[in-house]
Amino acid sequence: MAAIGRGDQQAFAGLMRRHMERVRAIDWRMLGSAAAADDLAQDVFLRIWHRPGMYDPKKGRFSAWLAKVAANACLDRLRAERNHAPLHGALEETLADPAPDPEHSALAADRARRVRAAIAALPERQKLAIALSHDLGHTNIEIAEIMDTSVEAVESLLGRARRKLKERLHAELAAEEKSG
Amino acid sequence: MNKEQMDAQRFCALVEAHGHHPRHWPEKLRPAMEAFAAGGEGRAILARAAALDAALADAAAPPPSAGLEEAILAAATGRQDAGASRKAAHTARRIAAGSRRVAPGNGAGRARPPVAANDNAPASRWLAAGLLAASLLAGVWLGLSGGLSTLDGLLPPSGSDPLAEIVRLAAAPDDEGDLL
Numbered sequence: 001m002a003a004i005g006r007g008d009q010q011a012f013a014g015l016m017r018r019h020m021e022r023v024r025a026i027d028w029r030m031l032g033s034a035a036a037a038d039d040l041a042q043d044v045f046l047r048i049w050h051r052p053g054m055y056d057p058k059k060g061r062f063s064a065w066l067a068k069v070a071a072n073a074c075l076d077r078l079r080a081e082r083n084h085a086p087l088h089g090a091l092e093e094t095l096a097d098p099a100p101d102p103e104h105s106a107l108a109a110d111r112a113r114r115v116r117a118a119i120a121a122l123p124e125r126q127k128l129a130i131a132l133s134h135d136l137g138h139t140n141i142e143i144a145e146i147m148d149t150s151v152e153a154v155e156s157l158l159g160r161a162r163r164k165l166k167e168r169l170h171a172e173l174a175a176e177e178k179s180g
Numbered sequence: 181m182n183k184e185q186m187d188a189q190r191f192c193a194l195v196e197a198h199g200h201h202p203r204h205w206p207e208k209l210r211p212a213m214e215a216f217a218a219g220g221e222g223r224a225i226l227a228r229a230a231a232l233d234a235a236l237a238d239a240a241a242p243p244p245s246a247g248l249e250e251a252i253l254a255a256a257t258g259r260q261d262a263g264a265s266r267k268a269a270h271t272a273r274r275i276a277a278g279s280r281r282v283a284p285g286n287g288a289g290r291a292r293p294p295v296a297a298n299d300n301a302p303a304s305r306w307l308a309a310g311l312l313a314a315s316l317l318a319g320v321w322l323g324l325s326g327g328l329s330t331l332d333g334l335l336p337p338s339g340s341d342p343l344a345e346i347v348r349l350a351a352a353p354d355d356e357g358d359l360l
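Quick mapping for you: the protein sequence lines, in order, are chains A and H.
The opening position of the first sequence corresponds to residue 1 in our numbering, with each subsequent residue numbered one higher.
The opening position of the second sequence corresponds to residue 181 in our numbering, with each subsequent residue numbered one higher.
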């Protein structure tokens with residue numbers, strides 16, 4: 001971050017390479033659109049470039065701080081979208097297969113689509129907790145810090161989210177258990 | 181908590197809150213949970229939780245758009261240059277009236293307003309950016325004097341000196357709504 005503060009473009013590019021996947025994972029789970037996820041990832045990284053002093057190493061790991069920046073950016077974007085027009089085509093894209101693969105069986109593609117739809121239907125904070133826990137591997141303690149809430153609240157969010165997903169994906173999970 | 185106090189309902193709720201992997205389980209509860217997980221009911225609950233995790237992994241985020249990192253880097257660099265000589269860049273934009281869209285063909289990208297430069301960039305970059313802006317102005321002037329038809333609508337009124345008009349625009353106050 002010190003190098004980025006000096007305007008070092010290579011350091012900035014390296015930071016993007018290391019963290020792009022994680023930032024986009026949050027953006028994509030929250031916004032349900034690859035295009036919107038790219039757009040918001042751009043906002044997040046440009047924010048870091050222009051204000052590298054935002055990160056204070058004394059306040060914890062960079063990855064957790066970055067997840068918080070990305071999560072807040074998502075929540076801001078969703079709030080803005082609620083007050084204006086909905087995300088263009090986000091739901092349709094969420095339900096569609098993002099990377100059609102001829103070798104990918106129709107059954108697997110259909111199952112992935114149902115999973116994405118089930119996640120998209122979760123309330124925002126449950127969705128965010130799932131993204132931080134499942135996709136990014138943060139502990140519940142870290143998620144509590146990122147989401148500015150208690151560990152107990154995170155456990156409750158994750159519990160309700162996983163319960164809803166299991167209910168909605170009953171058939172898909174039964175098939176997964178058989179194949180696993 | 182001992183084994184007698186752990187039942188299927190509690191174990192299921194704990195796995196939903198903490199995930200199916202024992203390393204994420206609360207330290208105090210781990211022995212009791214591991215003991216319960218060894219039984220038939222525990223194994224079935226864990227298998228269902230693992231199936232949910234696998235389903236979520238199958239529906240992970242697609243990769244970012246090709247060139248996203250390069251586009252962000254270009255946007256950061258461009259903003260840095262623009263921020264070094266805002267008035268000159270603003271003048272150039274008024275003449276060129278070009279789009280500042282930087283997201284590469286993602287379908288949901290927005291025209292990006294320029295923002296302030298990296299707040300810790302060295303002063304030498306201001307000089308470099310100033311020279312760049314000056315060369316841009318010279319290029320625009322040469323283009324105007326060469327009679328580029330696409331800029332006809334943006335040319336100053338006949339009889340006035342194009343270079344003087346550019347200099348006048350460069351000295352005009354910033355339009356904050358456009359620059360920030």
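Calculated from the structure, these hints are not laboratory results.
All C-beta atoms, glycine included, are put in the ideal place defined by N, C-alpha and C.
Keep in mind that the hints are not guaranteed to be accurate.
So, partial list: chain A residues that the calculated Cβ filter (under 7 Å) puts toward chain H [claimed, not checked]:
1) ALA25
2) ASP43
3) PHE45
4) LEU46
5) MET54
6) ARG116
7) HIS134
8) GLY159
9) ARG162
10) LEU165
11) GLU167
12) LEU173
Simulated restraints on C-beta separations [claimed, not checked]:
13) ARG18(A) to PRO206(H): 37 to 43 Å
14) ARG6(A) to ALA224(H): 54 to 60 Å
15) ALA218(H) to ARG51(A): 39 to 45 Å
16) ALA246(H) to GLU124(A): 25 to 31 Å
Facing chain H, from chain A, some residues (calculated, C-beta under 10 Å) [to be verified]:
17) GLU21
18) TRP49
19) ALA121
20) ARG125
21) ASN140
Going down the list of hints, with the structure as the test:
Because the smallest distance between the Cβ of ALA25(A) and any Cβ of chain H comes to about 5 Å, under 7 Å, the interface hint for this residue holds. With its C-beta approaching chain H no nearer than about 9 Å, ASP43(A) sits outside the 7 Å limit, and its interface hint is violated. About 5 Å separates the beta-carbon of PHE45(A) from the nearest beta-carbon of chain H, less than 7 Å, and the hint is met. This hint holds: LEU46(A) has a C-beta 6 Å from the nearest C-beta of chain H, less than the 7 Å allowed.
At its closest, the beta carbon of MET54(A) sits 10 Å from a beta carbon of chain H; the interface hint therefore is violated under the 7 Å criterion. At about 5 Å, the closest approach between the beta carbon of ARG116(A) and any beta carbon in chain H falls short of 7 Å, and the interface hint on this residue holds. The closest approach between the C-beta of HIS134(A) and any C-beta of chain H is roughly 5 Å, which is under the 7 Å cut-off, so the hint is satisfied. Against a cut-off of 7 Å between C-beta atoms, the interface hint on GLY159(A) holds, since the closest Cβ of chain H lies about 4 Å away.
Because the closest C-beta pair between ARG162(A) and chain H is about 4 Å apart, less than 7 Å, the hint holds. The interface hint given for LEU165(A) is met, as the beta carbon of that residue sits about 6 Å from the closest beta carbon of chain H, less than 7 Å. For GLU167(A), the interface hint is violated, since its Cβ never comes within 7 Å of a Cβ in chain H; the closest pair sits about 11 Å apart. Taking 7 Å as the C-beta cut-off, the interface hint given for LEU173(A) holds, the closest approach to chain H being about 4 Å.
Against the hinted window of 37 to 43 Å, the Cβ-Cβ separation of ARG18(A) and PRO206(H) comes to about 30 Å, which falls outside the hint. Checked against the given bound of 54 to 60 Å, the beta carbons of ARG6(A) and ALA224(H), roughly 56 Å apart, stay inside it. The hinted window of 39 to 45 Å between ALA218(H) and ARG51(A) is violated, with their beta carbons roughly 51 Å apart. Separation of ALA246(H) from GLU124(A) is about 29 Å and conforms to the stated range, judged on CB atoms against 25 to 31 Å.
Contact between GLU21(A) and chain H, as hinted, is supported at the beta carbon level, the nearest pair being about 8 Å apart and thus within 10 Å. Restraint check, TRP49(A) versus chain H: the minimum CB separation of about 4 Å is within 10 Å; hint holds. This hint is violated: ALA121(A) has a C-beta 13 Å from the nearest C-beta of chain H, more than the 10 Å allowed. With its C-beta approaching chain H no nearer than about 15 Å, ARG125(A) sits outside the 10 Å limit, and its interface hint is violated.
Evaluation of the ASN140(A) hint against chain H yields a held restraint, the C-beta minimum of about 7 Å falling below 10 Å.
Checked against the numbered hints above, the structure violates hints 2, 5, 11, 13, 15, 19, 20; every other hint is satisfied.
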